[in-house]
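*Asks:* Residue-level listing of the chains:
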Amino acid sequence: MTQEALQQIDALQTRYIAALDSKDMAAWLDTFASDGSYVCIANENEESGLPLALMMDDCHERLEDRVTYVTKVWAGTFEDYQTRHFVQRIACTPKGGDLYETVSNFTVFYTDSAGNTGTLVCGRYVDQIVLGSGGAKLKSRRAVMDTNVAPRYIVYPI
Amino acid sequence: MTQEALQQIDALQTRYIAALDSKDMAAWLDTFASDGSYVCIANENEESGLPLALMMDDCHERLEDRVTYVTKVWAGTFEDYQTRHFVQRIACTPKGGDLYETVSNFTVFYTDSAGNTGTLVCGRYVDQIVLGSGGAKLKSRRAVMDTNVAPRYIVYPI
Amino acid sequence: MTQEALQQIDALQTRYIAALDSKDMAAWLDTFASDGSYVCIANENEESGLPLALMMDDCHERLEDRVTYVTKVWAGTFEDYQTRHFVQRIACTPKGGDLYETVSNFTVFYTDSAGNTGTLVCGRYVDQIVLGSGGAKLKSRRAVMDTNVAPRYIVYPI
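Chains as they are written, first to last, in the working numbering: chain A, 141 to 298; chain B, 141 to 298; chain C, 141 to 298.
By construction, these hints were calculated from the structure, which means they are not laboratory data.
Quantities reported herein were computed from a predicted structural model and do not represent experimental measurements.
Hints are supplied without guarantee of correctness; some may be wrong.
What the hints assert, rightly or not - Simulated restraints, written as ranges between beta carbons of each label pair:
1) 204(A) with 163(C): 36 to 42 Å
2) 191(A) with 241(C): 17 to 23 Å
3) 144(B) with 195(A): 36 to 42 Å
4) 195(C) with 196(A): 55 to 61 Å
5) 216(A) with 195(C): 48 to 54 Å
6) 146(B) with 214(A): 35 to 41 Å
7) 241(C) with 146(B): 23 to 29 Å
8) 239(B) with 200(C): 47 to 53 Å
We put the CB at the ideal spot given by N, CA and C, even for glycine.
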């Protein structure tokens, strides 16, 4: 694995959390490949093999739908909050060609409208990442949350 | 942008948090350029364009004053606490010559004198960083806190 | 200090937290050199020069014992929890030959069996790390916790 591949992968991780922490859902969508998918699931369900997930965007159209929901359908109907993500790469395995599988720890802090900060969720990202001329993209992201009972309801992707 | 420039920038970020977490205010001051400035402000005020800040050291003399306040004037008059900083670079943009603008997520944990740990604040650093023969220095740091209501009063810079 | 040395050191830090967060105690043990040792101590005791530690595995046999305790002796007798570690290197000093001394900030989050997440402890790792053909290994790790009163009892190493 080259350093350049790792740099592209880390830059993708950075773009992802920067997009969410600035509530730029178009930039979030742009971190996914055209055949990309996103699942956000509690570890309890993941380990039991139960498919019940908090979010399951299993094709690009559903990723696009999520952007529409957050920015248009739900806008103004939920109590807003500010997220702050941290991510640390734990493993990276070449899977042949331009494909890599990575695992990263994450924590998401949140600040409510009154200005109080707490831990929203923590867990691990399990990713299939594809490198390309336009930078790395997520072919598949599973956000597996240790947390099963978040201190507030979750609107934005993790 | 060269890898060497990024390494200098990341080393500066590391020196900064190492200085604060070991309460070495002289080392904190040394992370700033001779024309450096520091502002610590709540995001609520930052986004509203309100200049009200928790700390506003708009010239090097005020940075020096802050060191004096923390180490001499206030010393022994406040309930002390131990910080632990984490920082993750989100963006880095060359601004010409030796100047770079970076954005980094930060979290600061604190432990009180009874030994209990909590989250003090989280947010983002928006920095103007200048490279030089003595390593990178902060020309300007804005610590923009998501947190508006910290669980205790803040004595040390963030 | 070469970039390759730093990469080996960072890879060791990653293997360490990946081992603990997946409860793989054999992999945890494998991060230590054959003459490795591990101490987990509150900063209050560390700074006072008091040797009282939460864990003191001062030889490889005691490291092996800890693995046995966690995986066999204590198994099923404690309320389990899931950890999630974050680590950030603060300093790295060559000590001659293949030996390096590093300091890193750490935070450990935990999720209880009901699915609630909180901060378990934060602090700093003070390490003696030895490079070798099989990757970097811990010759000595001191996990110095800022936290003196964790929100639950600690079973797994930090």
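*Asks:* Next step is simple, just say for each hint if it's right about the structure.
*Replies:* Hints, verified against the model:
Between residue 204(A) and residue 163(C) the Cβ separation comes to about 38 Å, which falls inside the hinted range of 36 to 42 Å. Checking the proposed 17 to 23 Å range against residue 191(A) and residue 241(C) shows it is violated: the Cβ atoms sit about 48 Å from each other. A beta carbon spacing of about 40 Å between residue 144(B) and residue 195(A) agrees with the range 36 to 42 Å that was offered as a hint. Checking the proposed 55 to 61 Å range against residue 195(C) and residue 196(A) shows it is violated: the Cβ atoms sit about 41 Å from each other.
A hinted range of 48 to 54 Å for the beta carbons of residue 216(A) and residue 195(C) is consistent with their spacing of about 51 Å. Separation of residue 146(B) from residue 214(A) is about 38 Å and conforms to the stated range, judged on CB atoms against 35 to 41 Å. The given range of 23 to 29 Å is respected by residue 241(C) and residue 146(B), whose C-beta atoms sit roughly 24 Å from each other. Restraint check, residue 239(B) to residue 200(C): a C-beta distance of roughly 51 Å satisfies the suggested window 47 to 53 Å.
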